[in-house]
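J.: For the sequence shown, the numbering used here assigns the number 2 to the initial residue and increments by one for each residue that follows.
If you are wondering where the hints come from, they were derived from the structure by calculation, not from laboratory data.
Note that the coordinates shown come from a computational prediction; the quantities given were computed from them, not determined experimentally.
Wrong hints could be hidden among the right ones.
[As the list claims (entries may be wrong)] Capping the alpha-carbon separation at 27 Å, the derived lysine-lysine pairs in DSSO-like fashion look like this:
| id | residue 1 | residue 2 |
| --- | --- | --- |
| 1 | K53 | K29 |
| 2 | K57 | K42 |
| 3 | K60 | K36 |
[Unchecked claim] Across the chosen pairs, the derived CB separations fall in these ranges:
| id | residue 1 | residue 2 | range |
| --- | --- | --- | --- |
| 4 | R56 | F25 | 17 to 25 Å |
| 5 | K36 | E10 | 28 to 36 Å |
| 6 | R50 | K29 | 16 to 24 Å |
Virtual Cβ for every residue (Gly too), placed ideally from N, Cα, C.
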Amino acid sequence: MSAVADVLERLPARCGQIFCMNRFEGLKYAEIAEKLQISVKTVEADMSRALKEFRKALKEK
Numbered sequence: 002m003s004a005v006a007d008v009l010e011r012l013p014a015r016c017g018q019i020f021c022m023n024r025f026e027g028l029k030y031a032e033i034a035e036k037l038q039i040s041v042k043t044v045e046a047d048m049s050r051a052l053k054e055f056r057k058a059l060k061e062k
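All chains should be built: construct the whole structure from the sequences, respecting the hints.
T.: What follows is the structure in structure tokens.
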């Protein structure tokens, strides 16, 4: 399993979904918020959590 898939698996479902929508689909935070019917602040918080997990995983390797 790749390191990215491993981290995504550890994240809460919505957090991983938001990360994928932003990084792999190229959607902006506002677009993600609209699609998921959540606030932009929630998108920002979930992206922050996801990026923190990725940084942590990189330090471990």
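J.: Kindly confirm whether 28 to 36 Å is satisfied by the beta carbon distance between K36 and E10.
T.: Taking Cβ atoms as reference, K36 and E10 lie about 22 Å apart, which means the hint is violated.
J.: Do the Cβ positions of R56 and F25 conform to the proposed distance bound of 17 to 25 Å?
T.: holds, 18 Å
J.: Would the hint linking K60 and K36 be met if the CA-CA limit is 27 Å?
T.: Violated - the C-alpha atoms of K36 and K60 are around 33 Å apart, more than 27 Å.
J.: Given the hinted pair K57 and K42, is their Cα-Cα distance within 27 Å?
T.: It holds: about 23 Å lies between the C-alpha atoms, which stays within 27 Å.
J.: Cβ-Cβ distance between R50 and K29: within 16 to 24 Å?
T.: With Cβ atoms ~18 Å apart, the hint holds.
J.: Sort out whether K29 lies within 27 Å of K53, counting only the CA atoms.
T.: Roughly 19 Å between the alpha carbons, so the hint for K53 and K29 holds.
When held up to the earlier numbered hints, the structure conflicts with 3, 5 and fits the remainder.
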